[in-house]
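Chemist: Chain order of the listed sequences is A and B. Heads up: the first sequence begins at 1 in this note's numbering, then just goes up one per residue. Heads up: the second sequence begins at 1001 in this note's numbering, then just goes up one per residue.
Just so you know, the hints here were simulated from the structure itself, not pulled from any lab data. The reader is advised that the hints may include incorrect statements.
Between beta-carbon pairs, the in silico distance windows are [to be verified]:
hint, chain 1, residue 1, chain 2, residue 2, range
1, B, 1126, A, 202, 51 to 61 Å
2, B, 1168, A, 26, 16 to 26 Å
3, B, 1041, A, 235, 30 to 40 Å
4, A, 240, B, 1007, 37 to 47 Å
5, A, 22, B, 1165, 19 to 29 Å
In this text, a Cβ means the ideal position worked out from N, Cα and C, and glycines have one as well.
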Amino acid sequence: MNRDMIDSNELLADPQNRAIWNAARREHLHVDVDRAWAELSDAIVGSPIVCRDAGYPLAGELRPFVPARYKYVGVPLAIAAALLIGFFAIKQIPNVFNTTQQTPTTKTYTTTPAQRANIILADGTRATLAPSTTINVTGRTVDLTGEAVFTVTQRNETPFTVRAGNTTTRVLGTSFAVRKYPDETQTRVIVSEGKVQVATQVLSAGQGVSADTTGQLTMLSDADVTAGLAWTGGRLVFQDTPIHEALAQIGRWYDVEFRIADSTVLARSSVTATLQIGAPTEVVLRDLAAVLDARVIRQGRIITLQ
Amino acid sequence: MTGKSFEELFRQYYPALVTYLAREFRLADVAEDLVQTIFTQLWAKRDKFNSAHLEHGVGPYLYGAARHAALNYLRDNKLRNSYDPRVFDHSATSGVTEDDLDNIPSAEQDPSVVVEHAQLEQAVQAAVEKLPPRAREIWALHRDHGLTYPEIATTLGISINTVKTQMTRSIAALRKVAAPYLAVLAPLVTLAQGIRSL
C-alpha cells in the first residue's frame, strides 16, 4: 500500500471507493523543469556572483549554488557586489514575472578584477567568467570582452555564437574558451570538447587559434592550448609568454597593477611559470620575483619590478 | 541547505506546485512564474531557514507558500470570479455544504453501453473539478500530490478532522456521480479483489 493511501485506508476499504480513487488519478502537468531550473539559476546567480578562492567549483562541474564557498573580498568588492545585485534585480524581475514573454532581451554579466563567476544562461549553457570580463547575452549570442569558457547546450539547429573583437565563433554543442581583453590585439579561441567554427576555420577538441585585428588566424601550439585552459583548473600557466602579457594577466587575476621600466632587459623578457589562482598575492609575487630574477616592490596594488 | 539539495528540492517540487496552482487556483498562466518566485525567495532566505520551519516537512511549507502566493495574486488582481476566496476564510468552519455536493451534476447514463474505465475516469475527474473549491483542493492534495491528512491540515491551517470530513464527503459525492459506471464495474472490482485475496 503506498504512502498516499495511508490516511484513506478507511475510505478505500470499500471497493467502489477504491475504483473512484483509481479513476481520479491525474498526472501532474507537463512542465519543462530543466528550462525552469536554468531560468531560476540565472535569476539567483546574480546575488552571490563574487568569488575569489581556488576552491570555487570549476568548469565541467559547475554548481552555482554553493554559497559557503563565496567570499566577499573587502568593502570595495562588497559595494561592487551590491551594485551587481541591484543590477541583476532590475534585470531579472521582469523575467521572473513574465516568462511567457519570448522577445530576446540582453543580459549583462560582469566580473571585476580577481573575481570569477559561474553563470547558467537561459538556454542551459554554462559560462565561467575570468576576472575583468563582461558578457552581453542575447538569446544564443554572446558579446564578450575578457575571457570565458562556455559549455554549450545543444539546442535544435540554433548555433551558439560568441563575438569577441572582430572574431565570431559558432558552435552547436561543445566546450570552449574565448579570450579578448581590451588591451590585447589577439582574440584566442580554444576548444576543449567537440568542434567549433572560428571564422572559416573548424577547430576540434585540443586545438586553439589566435585571430589578429585583420582576421588573420594562427593555430596555437599544444602548449599554448594547455596553458590557455589552465585557469579553469585553478592555475595560471605561462609558457614563454611575453612579460607584458603575463603581467597583465596576473594583474587581472590578483587585482594588482604592474609597473616595469621599458628600457630594462626585464621588459623584453618572457615568462614561464605556473601560479596557483587561490594563492595569496605575496606568495605569487615571491614566486614571480624568483622566476624573473627581479626585485619586487609592492605599494598597495601597485607592483614595481626592477 | 546546500546547492545540490536546493536543486533537488526544486526539481522534485516544481512540477507538482505548478500543477497545484494551475488546477486548484485556475492560474495556469502565471503558475510557473509564481512557483519560480517562491523558490527565489526560498533561496534568498536559505540562511535563516532551519528545521523549525520544516517541523511538518518541506511539503506543507512549499504547498503553503504556493497557495499563499496564489491567494495574494488573486487578491491583487481581483480575480474573484475565477476563484472564490471565501472558502479559504479560516474562520469559516466549513466551505462545503451538503447542498453544494447535491448540486454536482450527475454523469450521463447509458446502461446499454459497455462501460470502460476511460468513461469512469472521465466522469470521476469531471466530478472532482466540480467539487467545491476547498473540497477539491483537499482532494487534489491528497490524491494527486500525496500529502497525508496531517500535512494537508498544516498546509491549509485546518484540523485533521476537517480534512477527514471533507474527504469523506467528497468521495460520497464522487460515488453518486460514478454510480452508473460503478454498477457495471462493481462485479469486476469484487472479482479482482477476490482473486487478489486468493
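Chemist: Determine for every hint whether it applies to the structure shown.
Modeler: Hint check results:
1. B/1126 <-> A/202: 51 to 61 Å: 58 Å Cβ-Cβ, so the 51 to 61 Å window holds.
2. B/1168 <-> A/26: 16 to 26 Å: holds (20 Å)
3. B/1041 <-> A/235: 30 to 40 Å: holds (38 Å)
4. A/240 <-> B/1007: 37 to 47 Å: holds (43 Å)
5. A/22 <-> B/1165: 19 to 29 Å: holds (23 Å)
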